[in-house]
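*Asks:* The numbering of the sequence shown is my numbering, which starts it at 949 and goes up by one.
It should be emphasised that the hints constitute simulated quantities derived from the structure, not laboratory data.
Careful, some of the hints might be misleading.
[Said to hold, decoys possible] Derived DSS-like pairs (lysine-lysine); straight-line CA-CA distance at most 27 Å: (1) Lys1076 / Lys999; (2) Lys1042 / Lys999; (3) Lys1042 / Lys1076.
Here the structure is a predicted model, which is why all the values come from computation and not from measurement.
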Amino acid sequence: LDEDNWLWDAQLRYSGDRFSVFGGYREIGPWFGAPGSWGRIGYWNNPTDVKGFQGGVTFNVNNNFDIFATGEFYTGTDRADFGGTVYGSTEDDKLNRLQAGIGFKFAENWHLGVGWEGVYWDIEGVGKVDENWYTADLTYDLGENVTWRLGYQVLDYRNKTGLDFWNIPGPFDGARDAKSGLFFTQFSLKF
949 LDEDNWLWDA QLRYSGDRFS VFGGYREIGP WFGAPGSWGR IGYWNNPTDV
999 KGFQGGVTFN VNNNFDIFAT GEFYTGTDRA DFGGTVYGST EDDKLNRLQA
1049 GIGFKFAENW HLGVGWEGVY WDIEGVGKVD ENWYTADLTY DLGENVTWRL
1099 GYQVLDYRNK TGLDFWNIPG PFDGARDAKS GLFFTQFSLK F
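Sequences and hints are given; from them, build the entire structure.
*Replies:* As structure tokens, then:
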């Protein structure tokens, strides 16, 4: 696997006093497999075999309140082929990811966030799968680079294919539609 094992990610960003915008292009080869994490699209960690455009905007209403929205619009790469037959995603496969949210700093060290992530699969010859993630969280700044976060997340999963889309054991095994929720906590140290 010495070909198609790369990741391209190029972005341009502009920031003003109260807002920032960005746009870019990302392509991840079908055989890319570097150690670590290079992203997530809904349920899919470390995606591969996709290419497409990204964009977003953040607007700071004031020093304590901000709004953001982003979009990622992918197709398959058409590169995972063996002897002329494509086994991976094709350029006819579509994968769109949209995100939006608000953040509110209501005290010196406290921040409240509410967000949504929608992931929409349209796989040629298979059908559509929708994932909608809703998250509310409360973050406390413990220091300059240290935070503690507590939150709740809900997933609304709609499989319109008639197939077990993920084909893995777990919460979506054989599921056509599923809903789940979880409480989480996170401790972060940036260095």
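*Asks:* All hints, please: hold or fail.
*Replies:* We went through each hint and held it up to the structure:
1. Lys1076 / Lys999: holds, 19 Å
2. Lys1042 / Lys999: holds, 10 Å
3. Lys1042 / Lys1076: Cα-Cα ~9 Å, so holds.
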